[in-house]
Each structure stands twice: as structure tokens, then as C-alpha cells.
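Asks: Based on the hints, put chain B with the ligand in the right spot on chain A.
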Amino acid sequence: MSETNGSNGGAPAGLTKKDFSSDQETRWCPGCGDYAILATVQQFLPELGLPPERIVFVAGIGCAGRFAYYMNTYGVHGIHGRAPALATGLALARSDLSIWVVSGDGDALSIGGNHLIHALRRNVPIKILLFNNQIYGLTKGQYSPTSEEGKVTKSTPFGSLDHPFNPIALALGAEATFVARTVDTDREHQAQVLRAAADHQGSALIEIYQNCNVFNDGAFEAVRGKGRDANQIRLEHSKPIRFGVDSERGVTRGPDGRLRLETVSEVGEDALVVHDAHDPNPSQAFSLAHLSERPNGPTPIGLFRAVERPVFAESMTRELESAREGVGTEDLDALLRSGDTWTVE
Amino acid sequence: MNKATEEIERVVVRFAGDSGDGIQLAGDRFAAATALVGNDLATLPDFPAEIRAPAGTLAGVSAFQIHFASRDILTPGGQPNVLVAMNPAALKANLTELERGGIVIANQDGFSEHNLRKAGYEANPLDDGALDDYQVFRVPMTSMTVRATEGIDGITARDAARSKNLFALGLVSWMYSRPTDATIRWIEQKFAAKPQIMEANLAAFRAGYNFGETAELLQVHYEVKAAPAEPGTYRGINGTTAAALGLIAASVRSGLPLFLASYPITPASELLHELSRHKRFGVRTVQAEDEIAAANMALGASFGGHLGVTASSGPGMDLKQETIGLAATLELPLVVIDVQRAGPSTGMPTKTEAADLLMAIHGRHGESPLPVVAASTPAQCFEAVLEAARIAVAYRTPVILLSDTFLANSSEPWRVPDAADLPEIDPGFATGPNSGEEFWPYLRDERGARPWALPGTTGLQHVIGGLEKEDGTGHISYEPGNHALMTRLRAKKIAGIATEIGELEVDRVDGAEMLVLGWGSTYGAIKGAVRRVRLRGEKVDSAHLHHLNPLPRNTGEVVRSYRKVLIPEMNTGQLVNIIRGEFLVDALSYTKVEGLPIFAEELDDVITERL
Ligand code: SF4
Chain A
1 MSETNGSNGG APAGLTKKDF SSDQETRWCP GCGDYAILAT VQQFLPELGL PPERIVFVAG
61 IGCAGRFAYY MNTYGVHGIH GRAPALATGL ALARSDLSIW VVSGDGDALS IGGNHLIHAL
121 RRNVPIKILL FNNQIYGLTK GQYSPTSEEG KVTKSTPFGS LDHPFNPIAL ALGAEATFVA
181 RTVDTDREHQ AQVLRAAADH QGSALIEIYQ NCNVFNDGAF EAVRGKGRDA NQIRLEHSKP
241 IRFGVDSERG VTRGPDGRLR LETVSEVGED ALVVHDAHDP NPSQAFSLAH LSERPNGPTP
301 IGLFRAVERP VFAESMTREL ESAREGVGTE DLDALLRSGD TWTVE
Chain B
1001 MNKATEEIER VVVRFAGDSG DGIQLAGDRF AAATALVGND LATLPDFPAE IRAPAGTLAG
1061 VSAFQIHFAS RDILTPGGQP NVLVAMNPAA LKANLTELER GGIVIANQDG FSEHNLRKAG
1121 YEANPLDDGA LDDYQVFRVP MTSMTVRATE GIDGITARDA ARSKNLFALG LVSWMYSRPT
1181 DATIRWIEQK FAAKPQIMEA NLAAFRAGYN FGETAELLQV HYEVKAAPAE PGTYRGINGT
1241 TAAALGLIAA SVRSGLPLFL ASYPITPASE LLHELSRHKR FGVRTVQAED EIAAANMALG
1301 ASFGGHLGVT ASSGPGMDLK QETIGLAATL ELPLVVIDVQ RAGPSTGMPT KTEAADLLMA
1361 IHGRHGESPL PVVAASTPAQ CFEAVLEAAR IAVAYRTPVI LLSDTFLANS SEPWRVPDAA
1421 DLPEIDPGFA TGPNSGEEFW PYLRDERGAR PWALPGTTGL QHVIGGLEKE DGTGHISYEP
1481 GNHALMTRLR AKKIAGIATE IGELEVDRVD GAEMLVLGWG STYGAIKGAV RRVRLRGEKV
1541 DSAHLHHLNP LPRNTGEVVR SYRKVLIPEM NTGQLVNIIR GEFLVDALSY TKVEGLPIFA
1601 EELDDVITER L
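These protein sequences, in sequence, are chains A and B. With this note's numbering, letter number 70 in the first sequence gets 70, and the count goes up by one each step, no holes. With this note's numbering, letter number 317 in the second sequence gets 1317, and the count goes up by one each step, no holes.
Calculated directly from the structure, the hints in this document are not laboratory data. Note that the Cβ used here is the ideal one computed from N, Cα and C, for glycine as well. One or more hints might be untrue.
Unchecked claim - Stretch by stretch, here's where chain B covers chain A in the computed footprint (C-beta under 8 Å, at least three residues): (1) 45-53; (2) 67-73; (3) 87-97; (4) 143-149; (5) 315-326.
Only chain A is shown next, with the shape it has when bound in the complex (with noise of 0.2 Å):
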């Protein structure tokens, strides 16, 4: 079996959308941020160089976990939280297979917590795309454990007390190797980051600030909407980090450490903070992702890291695949017998 990883390094094999869309009819609220996702994704996936049938979509439980339905590849909608762990097993038996889980906030980071931080830290094979709405959707408007603070919710009418998750700090505390952050109406740039998590080796984090216009309408308003030029703090590899309609604002680090948004002209562009995703250490990739504590201010996205590291068990599947070739049952009899044995006649 030939490994795939994500992609197939783009090779192109004349496929378009259309290939891999299902004719199931798609069941989200009208003006659901999940749309624009989904026809981003499937606008993105011929650019794998794969056929649909290397693809696998692993969803979750929640509003999210319908999005495999929609999609002309394989699919598994498991149970609520471990959409990670079977995509693990299913990428350990098939490195030729390109995997792709959806999950959301509450699937991944409240019930299935424990499976996403560990596949990330063994690096599995598998690209993780977390709908970030911040809210229970499915489960018709609780708050989730990326709402703020005092959130008032159904199951919380006098505010939530719980302190939310930071996705992106939670997944670089968890050794992630690629961590990413897009908005599910920016479309380019949703491909974008989609696309260095295809050519990634292992798994890839990426959050997607995704607007449940039902139960948590405008949650993504200072990135998303009218003043999303303003806000959007891009992330670029190597470059100094600016942002502003005009390019004008930007990111320095104070004598204090830490980064804090300045003025270009005031600071100089010398001064300003250069983005190394591919750093190992993840200290500013974390200082990054604790730049804006909620989206309602400027906030990064794009890629936050992608470091290198060995893919999770990737030279122990190539031996092992080797090992089996030819077994059969001469060698089952010798197994059989092996150890201490006596004869009776």
C-alpha cells in the first residue's frame, strides 16, 4: 500500500466538486456557518490527487457530525467524542488513506477530550477539523467548554461559571505538531490552511470559528463580519506579524516577554514580532494563541505551528505489512508448537 497521509502531493486526477458530493440533502439551519464549510471543503478535496474512495471523513456527534453524509467518500459517523480514537485505528490498518475527522466544540473538547489530546500527541495520520461555534447546537442552545465565561444559556440561566478552553493553546499544550485556526466564511483562507494540513506529516489541529446562527449568532462577529479587516491578525510564516485595514497595526514582544499589538508607525517595523511556525520550541506559537483570550478583538488565525516530527507508528506498520507477506499455515504450525511440547503416540 502506498502512504498517503493527506495528500497525494497534488497530483491532479481531473476530478472536480462534484465528485465528492453525495446527493444526500443537507439538514443544517438555514444560513448555518457549517455550509460555507462544507462547500469549501469539497471545492478543496480534488486538489488532494486522490479518488474519492481514498478518503475517509471520521465525524462526531453534534451538528458537525452530519457532515460526512454529505460527502461522496467514505464515511463513519461514530459516537460522541471518539471520532479521534476510530480514525486512529482505521489509520493504523490503512496508511493509504487519506483521513479527515469533523468534530466540534463540545464533541472534542468536553466529551472526547482525552482522544483528541492523545492523538495529537502521537502524531497520527489524521487531520482534525474542529467547527468551533462555541455552544451546544444539536442539544438546542447549552453552553460548551469554549463559551465565556457567564454565558447564559439554557442549562445556565444565571451565567455559566465554568472557565472556557483556548482550542489552539489546548492543542499546542498537547504536543501538537500542526496547529491552525481559520473562519468558515473566509473561504480562501480556509483552503489555504487546509491545504498545508493535506501536505502536513501527521496530524493536523485546525480550529474553524464557525457562526451557529441559531443558538450563538455573531460569536465570530469582529473576524467574520464588517470588521473582520480590522481583526484578523494573519499568521504568515516567516514574516512580520501585521494587521489592520492598512496593514498598520502589528505584534511586538515588550521587555516584559510578552507580545502585545502596536502601531506600526509608532514601534518601527524593525520591531515587530516574525512569525516561525516551524519553530520546535512552541513558546510563541502559544503566546500567539493567547494573544486575544475571545474573537471579539484583533485575533490571529492561519497556521500557529508545523513542526516535523515521526508520524505515530509509521515505521512499525511499514515492518509489520512486510512480516505478514507469505504467512500462512506452516508458519501457524510452528507457532503452534512452539515451546516446551511432548508426543504421544
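Replies: For chain B with the ligand alone, kept in the frame of chain A given last:
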């Protein structure tokens, strides 16, 4: 000195000491040598859950019992005839079970003031007449071991004392005329990397053996001749190894790569360890982050065309059930091995019980029937696992295989089958469309099984999931009639397995009015007890269930044909409820939940009383 040799038919020996004393190792080696003699045998290891329980205390006692004979035997024996006690705690914990007049071989050096106090003895039982009813041999094993190892480079007296288990092994090997070469070879291999330890162990083993031969203390040794057995190649095997080999056999016979994902748990971890060694057969093992992940990884591997297996014990089974339910509705092969232990909750992790039967059959929400297979003896785990894998693949279903702590750890001789005689398993992967130009993942075959189409197969792309599926197409459907249909189709598929698992066989005598019906590891005890009762002229039949769901198709007919049906179980009465509920037969129940197997002797009394 030429000592007398006495021939005996059977004997039960129990080795007992501190959990750090190497008792299990000595027992294992004794069992291996005994198997080579051609005796029939059964073993029962019994050790504490604590890895290093406080030395010298009753809680820290580890024991290993072996029953061997020149005829066919069925259980590790109830009362031991010989007790090897390495310290006072070992004596105290085991003496009550020793037969009156039995032999005590005590490591005299272990009976220090300090150890006596820790075991709660006020006076030394070796001196105060407490053992007057037994034949006692006091052997200064520790000091003789230290002396035997003097002069070995780099071995301190402390290191040397650790080899006293091999002194005990040597001594008992002499007593029962066991061959020494296999043990010596084993020591040489096992400690090849540590030559001094190897030397010390060899010296200790030989010293023990020679002590038996030369010391005045022991005047007789015994011989137990080979038991009659069918021609063939034999090896000693425990349930864990038998299960591991069964899985590898299933992989070879099906052509499916074997994939085991497990989370460490007593007593199922041993299977993970055992399978991790078989790279040659392409066996993939993963130590998952938790029990749920283990089940999901195995299921993911099955989706990819591997033989997905996960193994656990009670607490882990609780956690896996949601995933097993998913496998039931995805209709993918999955083998789930439950090495049962005493519960509830953490319970007694190293002690045996068989109380997961109803959980295996019914332990998921909704209607999610699945096949349940139970192993009956340590060696039979091989066949049982192979059968579970066969059913899983043929019917595209999760199968729960019930084993237990006793089966996993006990060993017995196994007549090794020829690989070519093992059942062939045909995965029968889907290769093309099955409904016109389309591929329908839930279009069933005559067995009711759905097609298994592997990712990578052109044109057969499909999505399966936990949501209810439309019959045939597999599309999501909440249509009432469809759900009712799918529920019945899934149930019918599982029930239909009964048509090809063979009938329940009854071990009959003419005129029997009582049937003793069992399942799981009570097999040996039931056979043994029925044999004893019959020797006294009573008429009792026995039968054993290996398939618990579905039951063999003649089960109802069999149980209805007796005036009395007695069901012994290592739980508080689970099979008995199934038999009563399913067949309206007023079956009698005998239950035991002491963390110990049921023994033939006790069951003999129960049968006799209820006849
Ligand atoms: S509830 Fe929210 S997330 Fe779910 S489909 Fe509707 S809009 Fe989308």
C-alpha cells in the same frame, strides 16, 4: 542413598509464599515439567492484587496450586495434599485447606520471630504442636540456598536468598520425580543476559533437588505415571496464551491482519503483552489512552479491513459498551474479549468470577443483540476465540467472548491442532455494486449479513453511522416502519446464528433424571463432580454451553426433557434466569461468588443433595 519410590495416581501440590518470593514462577515451571512427563494437569494461581503487598503479611500471600495425575483430570483440585510454605503467613493462609494428614514442607528460615508476629502467630507452629495432624518437613531453604550460591561472582547473600523459590522447586521436583533438564534449560534461557543470576538460580534448583535425594529427612519419593492421552503433539497452555494463538489463527485463516487495541487492566493486560510479541504475523497492538478509545480503534481498524479486537475486564467492559452498540449498528466485525473478574466496580481484580453474562448479552441501550461465546477450559480458549472471530466476520457483528481470571491464568495440556484443519474464514469483501449501478451497504445476504466494502474500493463509497439506517440503502431514516424492520432484521441475523453452531451435546447415562448444565470455566468442576456421583451409581447427565447467545437450537428440548436441571455458576444466578425465562423450566441454581472457582468436590455434595 537409594530411596524408595512409591507410585501414586494423583496429587495436589500448593506452593505458597510472599508475593515477592517467586511462587508463581516456581509453580509455572513445576507445571511445565509435569506436562512433559505426560501427566494430565490443571493449575490454579492465586495472587494478591497489590504488586508488593507488605512482606510477610497474610495479605501478601501468593499461591499456586497444581493437580496432576496419571488419568484424565478436570480441575485444579480442591484440597491440596502437599503445602509448600515459605513463611508463617503462607502457612496460616493455606493450612485450613490442606487435607488432614497432608504434607507440609516449610522453609524453616522463613519462620523468624518477626515473620511469626506479622502473620499473627504467638508461638512457632512448627514447634508448638499446631501441626501434629500433618507430616511436617522443616527445610532451611534460605540458608541452604545461600550456601549453594557461595562463590558465584557478584552474588550477595541477599541476591542468593531470592533464589529460594528454585530451591523449593528443586526439592518438590525430586519428590515427584519430575525431569530436571527442561527446567535447567529454561533457567539458562531466561537469565542468559544475567549470568550470575542464572548461576545462582541453577545452583539453588540443583541444591533443592540434591537435598531431596540425600537428606535423611525424606525417605520416599513418588512417581505419577503419564496419563493416557490421544496421540498427537501436546504443550502446556494457559487461557491467555490460548486466546492469543486463537486470534493469530483467526488472522491467518481469514487473511485479515490482526489488530488489538487495549488499555491495561488486570487480568486482560497479559493478552496485550502476549500479542505484542508476534510481529512475525503482522499483529498490530496499540495501548490506547482509555478503554473507550481501545474499542473505537479496534472498530476503526475493522472498518479498514482488519480483524479488530479489544480485550478487557469488568470495569473496562462497562466503558466499551457504547462502542459495542455502535459496532452492532454499523454491522462491522469486532471481537471483544472480556476476562471476567470479581465485581462490582474495582471489586477483586485478581480474583475470578463469571458475573458478566447478562451484561454481555443485554448491557447496551436500545435493542442491540450480539453473539456471546464463552470459553470452558484454558486450552479451549483457543477454539472459543477462533469461533468468536469466525462469527464476527461471517455475520458482520461484534462478538463478546467471555473468559475469566481462572481460565486466563490456569494451564493444562493442549493437543495442538493442525493449522490446515482449522476453520477457514472468508471475509468476502464487497467488490462491486450490488443494486444495479449502485452500492447499498445494508443490502443483506442469505444470512442477513451486510456487505463489507473497504475504503479504497472504487465506486463503493458509502457512509455508515450510529443513526438509524434505511433498509438496503443505509441512508439515514427516522421512518417508524423502517426502524421496526431494521430492529427485527438485526435481531433475526443474530438469532439465525443458531442454525450453524451445532447442537448442545449431552453427556448421557441411561435413566438420568437430572441434568447439570453449565457455561464458562465451571466445565471441569461439573464434569468432575458428575463423574464422582456416577461412580457411586447415581444417574446424572451433564451439558455445557459454549454459545450463550444465541443458544444452541435444541437447548429448550434438552432442558425440558429432565425432571431436574441444576445450573452451577460463579455469579448469583444468571444463566439460570435465562433458562427459566426462555424455556419456562424451573431450573435449580447453585452459585458461588468467593473469587474462587467452583470445585468438583463441593459440586458433588450439591448434586447429591439435590438429586
Ligand atoms: S443549531 Fe447552529 S450549528 Fe447547528 S445546524 Fe443550526 S445553526 Fe448550525
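Asks: Could you run down the list of hints and mark each one as holding or not?
Replies: Here is what the structure says about each hint:
| no. | hint | result |
| --- | --- | --- |
| 1 | 45-53 | holds (count 3) |
| 2 | 67-73 | holds (count 5) |
| 3 | 87-97 | holds (count 10) |
| 4 | 143-149 | violated (count 0) |
| 5 | 315-326 | holds (count 7) |
In summary, the structure is inconsistent with hint 4 from the numbered list given earlier, while agreeing with all the others.
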